[in-house]
Structures are given as structure tokens and as C-alpha cells.
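Visitor: The listed protein sequences correspond, in order, to chains B and V.
The numbering of the first sequence is numbering that gives the first Met the number 0, which starts it at 0 and goes up by one.
The numbering of the second sequence is numbering that gives the first Met the number 0, which starts it at 0 and goes up by one.
Do not take every clue at face value.
[Unchecked claim] Derived EDC-like pairs: lysine to aspartate or glutamate, alpha-carbon spacing no greater than 20 Å straight-line: (1) B:K166 x V:D206; (2) V:K166 x B:D94; (3) B:K272 x V:D92; (4) B:K166 x V:E205; (5) V:K166 x B:D206; (6) V:K166 x B:E90; (7) B:K272 x B:D206; (8) B:K272 x B:E205; (9) V:K272 x V:D223; (10) V:K272 x V:D326; (11) V:K166 x B:D212; (12) B:K166 x V:E29; (13) V:K166 x B:E205.
Simulated from the structure, these hints should not be mistaken for lab results.
There are 2 protein chains.
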Amino acid sequence: MTIVITGGAGFLGLRLARTLLERSTLRDGEGLERLIDRILLVDVTAPPAIADPRVSCIVGDISDRGLLNDMVDAGTTSIFHLAAIVSGMAEADFDLGIRINIDATRHLLEACRRGGRCPRVVFTSSVAVYGGDLPDIISETTPLNPQTSYGIQKAIGELLIGDYTRKGFIDGRALRLPTISVRPGRPNAAASSFVSGIIREPLNGEDAVCPVDPGTRVWLASPDTAIASLIAGHELPSAALGNCRWVNVPGISVTAAEMVASLERVAGSEVAKRVRWERDPRIERMMRGWPGAGDNSRARALGFPVDESFDAIIRRHMEDMRSASRDSAQV
Amino acid sequence: MTIVITGGAGFLGLRLARTLLERSTLRDGEGLERLIDRILLVDVTAPPAIADPRVSCIVGDISDRGLLNDMVDAGTTSIFHLAAIVSGMAEADFDLGIRINIDATRHLLEACRRGGRCPRVVFTSSVAVYGGDLPDIISETTPLNPQTSYGIQKAIGELLIGDYTRKGFIDGRALRLPTISVRPGRPNAAASSFVSGIIREPLNGEDAVCPVDPGTRVWLASPDTAIASLIAGHELPSAALGNCRWVNVPGISVTAAEMVASLERVAGSEVAKRVRWERDPRIERMMRGWPGAGDNSRARALGFPVDESFDAIIRRHMEDMRSASRDSAQV
């Protein structure tokens, strides 16, 4: 099978590609185990080289229809559509958010339709599709009323995924990811960037700012769980989703104060002390609009994994850091 | 104030224009009574002449951005965006539905944004935004899962209305209209066209086919109530809607059998006998996906009107027919 990953140079895209290459096979959505013949990474920046003959790259703007036509052809069996403008940036640059989060998604779906092969499309949506007056615990039956451009644009993407699936143009699945923590690397323009930053930076010996009230509740999942969920979402038989093509990927509910307490338990008080509390109204407003807890029952019944605890997430992140530094020491 | 009505040559658009001209004033959404200076009707076909110097027309394709720029300028205070591809046609011609129901709406919102005046935009949505596994009675808190392209496209329009409002580009209100009955004129390509046809045609001495099971429940409103609701939706202060920019316009719940029983009560058994029952699976499937009853409480609290009964709706339609034939006799 030939797999396209948009946003393939990003943290999740690269990690997904590496995980898929290690596995070498993937169920095709109808339960058949298939060899992975080719993975095409598409992104606006070049991904780091992956020494595997199955991997190729296209560097370019995902909203360019010519690029999309090069990217999707009659041989494309699966697409993980991860490319997106993140929440803070979509709020700051309205037109850019529309162009990438709506237009590029539409053009991608059109390219799939023209290909005529009804590829599986895993669309990464987000809990940011929720908003407004929310119940304490959200589920797939909570109505959507997103209060950010990012959430609006993701909700529109989900609707398109649903209709292109219903029309038989694609076999689509929209996965609403919780906030991912701990992301490696540097802060990004997502309003939720601090959820990784307050763990990652102190573990690197750097100070970090927590811009929200300690009681702010965040719905989150680890990178490993996110990747395993993307694969689980791909492997689901289409009939398991029926006429509801979106799934709330399982998360755990943790307050900012609990995150820092976890950090102290796992890495010590000297590390945890590097978190400074300094509220940022812009970020607080966006975070307040998003759900702090969810009901995992539908996703769990569909076979999606869930994290054990935030302590376990931090420990796993520390192992990843150690193996990354071993890898770079060996180079 | 300068009012634009898209779909201005259509049944609702024309009726809205005539009602507004009779009133001569309209509250501006913040409660101030304003003189209606100008009404611009925009449609793909020319509307019949209205002998009022305040009315002008643009004939053209609403998805043409040049036309939209001519249509909306810095003087535009209010837009009633009624132009749409109806349900049956959007299902049959996917691209046309996307072009008019999504793209034209987006371009219209962009034209408003460029105008820089934050005009009031009343967007006609539909109960077709609901679908999938529905409760017996829908409300604004029922999650959307539309199972028709029309419903998907209207839901996307609502999300855009919400975000353009939140960003301060427009003051938008999305009104989810029930099925309108009794529409005058001829059948159209809406799956719900029969809901008017089984009353209108028999009253005209013609046979009509009811393509659904007699027990099929339809959520409907009369043309008068729909027009009064469009105006009520326009006149609402923006703050009354808060961060939830859509309103389920009040309807009444009537089965197909009850409609024909009403017809018999109001117009006699000879008229009612002109309805033939002949099920059409395509129409039944679309109707089954739509709600048969709704909770009017939010809209009623906001001041929207509601019909008294289906008998009253038929009687009012018969009066309209009589006055229309008097008018044409006088010409």
C-alpha cells in the first residue's frame, strides 16, 4: 500500500512514518493486512532524511492544487492528513488558516475523488471543535460550537470528510486529538503549546512559563497514544464508524497544577521549580473555550488506546530524551 | 438602510422584499428603528418588476466574485442570504451545491469583511443540518450530523457565519428554517417539495403524489411565519444570541396523513382525494434523515413567531390564492 502523510515533516508526521516503517504492514481498513510499499511525506519544509527506500518526499504548499495532484494518484491507498495551521496562528492569520485548514483539505478530498480509488483518509481534527457552553465532560454527542478559527476550520473539515465518505469518494475518519503532551522540540504557535513546554523546558534545564490558572484542566494524550490512535483510526473497518465519521481520541484530564506536581514527583522539586506562573489572557481565553475532560467510551469500544497517567507520560518522555541523546552521541 | 436579498427572485426572497417595503422601517439589530432606503435583489434569474423606486436588481451568478463586489459595498447595512441550491439538487449535483452553498457564501462573507462595515447577515440554514441518529425532538443542543450534501453545506455556512461574526467582520445570524409549506408556484428540486405539493396541487384541481409513508412526520412552518422569522432574526440585538449564532426557527410537527386530513377538513374530501400515495425511496431516505419535531423554546424566548395549526396554514394559503387571482383579474 502507498501511504501519503501531509505535514510529514512535523513532529507527529515523522513519528507516524517511523512507526509505520517499523511495523511494515498495516490493515487496510477492512481488516486485511497489507505490506507498506511506499510512504510519501508532504510538507512545506523538507523532512530530515529517513534512510529507507520506501520513503519519498514532496516539499511544497499543500494548498497548491498542482502539488496535490502530484501527491495523490490512482495508486494512493491511504492518506494521513496532518498538515494544519495550529490554533494560535489560525487566530492571528485568519486567511492563512482558511487557506490551509479548509481549502487545502477540500482540494485534497477533490484529488482523492478524481483518483477514483476511494482511499482511506485519516483527518486529524481536534477537541478545539468544541466550545461555547460546554458540559464538564464532552463526548461525541456534545454539540459543536467552536469559538476559535482553528476549531471552526477543523469542524468544517470533519463535515467535508463525512460528506465525501457518504458520497463514496473516500473512506474518511476524523480523529479529534486531545492536546498532545509532551511534544519534543520547541514551542509552537498553538495556544496549548505550554502544556508541553512546562514539562519539556524544565527537563532541559530551562525555565518555562505556565500562562494559565493552576486549576485549568487540559484534555491530553501522549505522542505515543496519538500515533497509536492515528493507526487504530486507519485500521478500523469503515462499517464500525457507520454514519458518524468522527471519533474523540481518548485522553486524560489533568490540571496545570497536577502537571507540575507530576513533574515534581517524577523529576524532582528542583526541576518543577523552573515553572513560573504568569497568566496570559489571550491563551487563557482560548484554553477556557476547550474541553477539559472527555468521555472515552466510544473510542475505547472501537479499540483506541489511552494513557495510564501523566506521571507515565513524563517518564516516557524522559526515556525518549535519553534515547535521542544516545542516538546523537553515536552519530 | 440598504438591504441586499440574495435569491431575491425566489419565492421567499420576493415575499421578504414586499413585506419589508410595506413596513418601510426595520430595527437595525441593536434596536434602532431605521428607514429602508434601498433593497437590492440579487438572483440568477430576473425577479418580476416591483413598482417601488427603492428596489433594484442584479441578475447573475452568486458565486461570481465580481458580482458579489458589486452587490456589497460600504453602504450595505443588511444582507438576507437566501440563495441556495436546494436539497435534492445539491444531492444530484455535488459540485453545484459546493459552489453555491459553500463557495458563494464564503465569497459573500469576504465581500462583507472587505466592506468593513460589519453588516448584519441573516443566513437561511435548515433543519437539514440535523441527521443520523436523532432524538424525537431536536433543539439547538442536538449535535449535528447531516446525512445530505445540502445539510453538510448549510452546517458549514453556519460555522462560517459564527466565525466571521466572532472576528467582527459581520453581525451574523443563521436561521434554521423548517420545511416551508404551503409554497406557492410549482414543485422544486427539494426532497421536501411534496410537503407543499400535496396541498397546493389539489387546491388547484390537480392530482398530487405523496411519496412518503403517511406516518412520516415533517417539521414545518408557513411562508408567513418564515418571513416573520427572517425579520425577527434580523432585528435581534446581537448580544441576545451571544456565542451561539444559530436559531431553530419555530415549526409545528405534522405527519403526511395529518396534512391530508387537514386538507380534507379545510377544503373538503373531493380535494383531499386528489392526493395519491406512492412511495419514492430516494425522497423517503432524505426525509427520514431530517427531524420531524423540534423544541421551540429558545426561538420563542427570543421572540420568534410560530404557526397555530396546519389547518390555519392551509386556510391562509387559500386566502393568498384568492387575493393573487383577484390581483391578476384586476390587471
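Visitor: None of the hints should be skipped; say for each whether it holds.
Guide: Status of each hint after checking the structure:
1. Among the hinted pairs, K166 of chain B with D206 of chain V is inconsistent with the structure: their alpha-carbon atoms are about 34 Å apart, more than 20 Å.
2. The straight-line distance between the Cα atoms of K166 of chain V and D94 of chain B is roughly 12 Å, inside the 20 Å bound, and the hint therefore holds.
3. For a cut-off of 20 Å, the pair hint linking K272 of chain B to D92 of chain V is broken: about 61 Å separates their Cα positions.
4. Simply put, K166 of chain B and E205 of chain V have alpha-carbon atoms about 36 Å apart, too far for the 20 Å limit, and the pair is violated.
5. Restraint check for K166 of chain V and D206 of chain B: not satisfied, since their Cα atoms lie roughly 34 Å apart, outside the 20 Å limit.
6. A threshold of 20 Å between alpha carbons decides the hint, and for K166 of chain V with E90 of chain B the separation of about 9 Å falls inside it, so the pair holds.
7. For a cut-off of 20 Å, the pair hint linking K272 of chain B to D206 of chain B stands: about 8 Å separates their Cα positions.
8. Taking the CA atoms of K272 of chain B and E205 of chain B, the gap is about 10 Å. The hint holds against a cut of 20 Å.
9. Note on K272 of chain V and D223 of chain V: the hinted pairing is violated, with a Cα-Cα distance of about 27 Å set against a maximum of 20 Å.
10. Between the alpha carbons of K272 of chain V and D326 of chain V the distance comes to roughly 29 Å, so the proposed pair goes past 20 Å and is violated.
11. Straight-line distance between C-alpha atoms of K166 of chain V and D212 of chain B comes to about 25 Å, which puts the hinted pair past the 20 Å bound.
12. Taking the CA atoms of K166 of chain B and E29 of chain V, the gap is near 43 Å; set against the 20 Å cutoff, the hint is violated.
13. For a cut-off of 20 Å, the pair hint linking K166 of chain V to E205 of chain B is broken: about 36 Å separates their Cα positions.
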